[in-house]
Every structure is written in structure tokens, then in C-alpha cells.
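Student: If you read the sequence shown in our numbering, its first letter stands for residue 174, the second for the next number, and so on.
The hints are simulated quantities; they were obtained by calculation from the structure and are not laboratory data. Predicted, not measured: the structure shown is a model, and the values here were computed from it. Check before you lean on any hint, since a few could be wrong.
[To be verified] Below, a list of computed lysine to aspartate or glutamate pairs in the EDC-like style, where the Cα atoms sit at most 20 angstroms apart:
| # | residue 1 | residue 2 |
| --- | --- | --- |
| 1 | Lys228 | Glu392 |
| 2 | Lys228 | Glu334 |
| 3 | Lys296 | Glu266 |
| 4 | Lys263 | Glu248 |
| 5 | Lys431 | Asp401 |
| 6 | Lys444 | Asp401 |
| 7 | Lys296 | Glu248 |
| 8 | Lys431 | Glu310 |
| 9 | Lys296 | Glu265 |
| 10 | Lys296 | Glu345 |
| 11 | Lys296 | Glu356 |
[To be verified] Pair by pair, the computed Cβ-Cβ distance ranges are:
| # | residue 1 | residue 2 | range |
| --- | --- | --- | --- |
| 12 | Thr297 | Pro378 | 14 to 24 angstroms |
| 13 | Glu248 | Thr350 | 16 to 26 angstroms |
| 14 | Phe374 | Glu266 | 15 to 25 angstroms |
| 15 | Asp435 | Arg205 | 38 to 48 angstroms |
| 16 | Gly271 | Ala381 | 21 to 31 angstroms |
| 17 | Gly194 | Glu266 | 21 to 31 angstroms |
| 18 | Thr350 | Ala396 | 44 to 54 angstroms |
| 19 | Ala381 | Gly300 | 21 to 31 angstroms |
| 20 | Gly194 | Arg303 | 46 to 56 angstroms |
| 21 | Val375 | Arg322 | 45 to 55 angstroms |
| 22 | Ala330 | Glu437 | 29 to 39 angstroms |
| 23 | Glu356 | Arg285 | 12 to 22 angstroms |
Note that the Cβ used here is the ideal one computed from N, Cα and C, for glycine as well.
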Amino acid sequence: MTPSNESSKPIIAIVGPTASGKSELGIEVALRFGGEIINCDSVQVYREIEIATAKVPLKERQGVPHHLIDFVPPEINYTAGDWAREAARKIEEIESRGQMAMLVGGTGLYLRALRHPFFPSPKTDEGLRRRLSEIRERRGPTHLHRMLRRLDPQSAATLFERDWPRVQRALEVRLQTGERMSEQMPARMEPPACAARIHVFVLLPPRAELYRRINERTEIHFAAGLVDEVRHLLDKNVPAESNALGAHGYRRVVEYLKGLRDLESAIEQTKLD
């Protein structure tokens, strides 16, 4: 394949909510068009985070290569920026073999980081993150949003209160650098050349069917030992406020193990998240 052909080859991105059938469709498309799949899910990147991630077992991948999956230690706070840099390299590597690169997963933040890179933000201060997480757990995400409204009102105006990971990150940047994230936004980096070739397909099953699948999957995960998996990770000193344990399917179990809610509440809230 010549470089000119590679530069015009489409990159297929299949995204959608939990339980929408992304992984299965991704494998079908990859088999038909000679594709290799780059994981675009923020939880599937982690090792030892298994039950609630819906990682496709090796035997079900039908020989389709999967990349950026199951490779980050759970105690590491792997970011969307980290993923975007590695994904761009993987796309180049896959296309150099004459294959079609595909992005499959539910983390829209990851895909946005590749197509519209963030400004170069400071490395996470783990001590500051722990303190803000403690404030959030004690006083709730609404209090974090109020803090951000005082310190960076422009950023706060663009973020919902419930979107606490982004609210918290905006606070971290403000407190670490003394600068507002809203002021740094013009410093966004240029996207990689491949970004213009990404074609996004969003799976949106009927709402009733999607909720049925999510409820069923959640019950299966808890029955399969999700609580024990989280307890094991906490016992290994994976921080409760880590990106891995703060992810969908895990954060409510952490709250249950901390005594902040009962098990039935953890299951029901996971279905609603």
C-alpha cells in the first residue's frame, strides 16, 4: 500500500452506550474489511478490572487483533490524553500493515481527545486529587461545582454538576497552576493527521431495550463476584479514587464497601448511572 492510499483510508469508530452491541459489531466489521480494533473504552484499558468491563474474551474475538486493552495497572490514572497519543501511534502501525484501523468503545471523551486534543495540562497531583475526592465524598459533587464557579466560572458554566470527573479536573488545573482551564483552552494542540479520516457510527438501541440489557448485565456482574473483585483491588491498595475504581460499574461498589450505601442501593444505582 502506498502512503497516499494509507492517508485516504477511512478509520471507523463505533461508539455508543453500555450494552449497545459495539464490540460484536466491531468484530463483524473487522472480519469483513480486514480491520484491527483499537479499544476506545476507558475501563477496558486496565488489567485486573474484569467483571464489569465487558472485555471480549480472546476466544470470541475470532482472530481479530485488539489493541490498547488490558495493559494498564489499575493503580495508574491513565488519561484520555495518554490514550489519544497511543491510539494515534497504533493507527499508524495498523495502516502500515495494510489493515483498516477501527476504534470501538463507549468513552466519548477518549474519541474527542483524539479528534480535538486537549491543551497540555499538568501531570495529576495525586495528593490534591485525594483531597478533592474526599471533599466530593463528604459534601457531594454539587459542592465541587460551587468551588469551580468561584475559581473558574467560565469552565463551570460549560460543565454539569453531575459530570464530577471533569469538574474535579478543572479544579485540579486551577489549584495546581493558578490558571483557569477556560483561559488555557485556546492552547489546544493540533489533532493528528489521521483525525480527519475518522468516521463515527453511534449505536442507539431503543431505550426500553437498552435499559433491559443494562439491568440484566448489572445483575450478572454482581452475581459473578463484582464485589469480591473490587474488595481484592482495594486490598491491593488500588486507591478508591483511582480512575479505574471511579468508573461506571465500580464506583457504587466502592461506596458499598465504604459503608456509604447498602448492596441493593449499589446495584440499583449502577443500573441508573
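Student: Any of the earlier hints contradicted here, and which numbers?
Tutor: 2, 3, 4, 9, 12, 16, 19, 20 and 21
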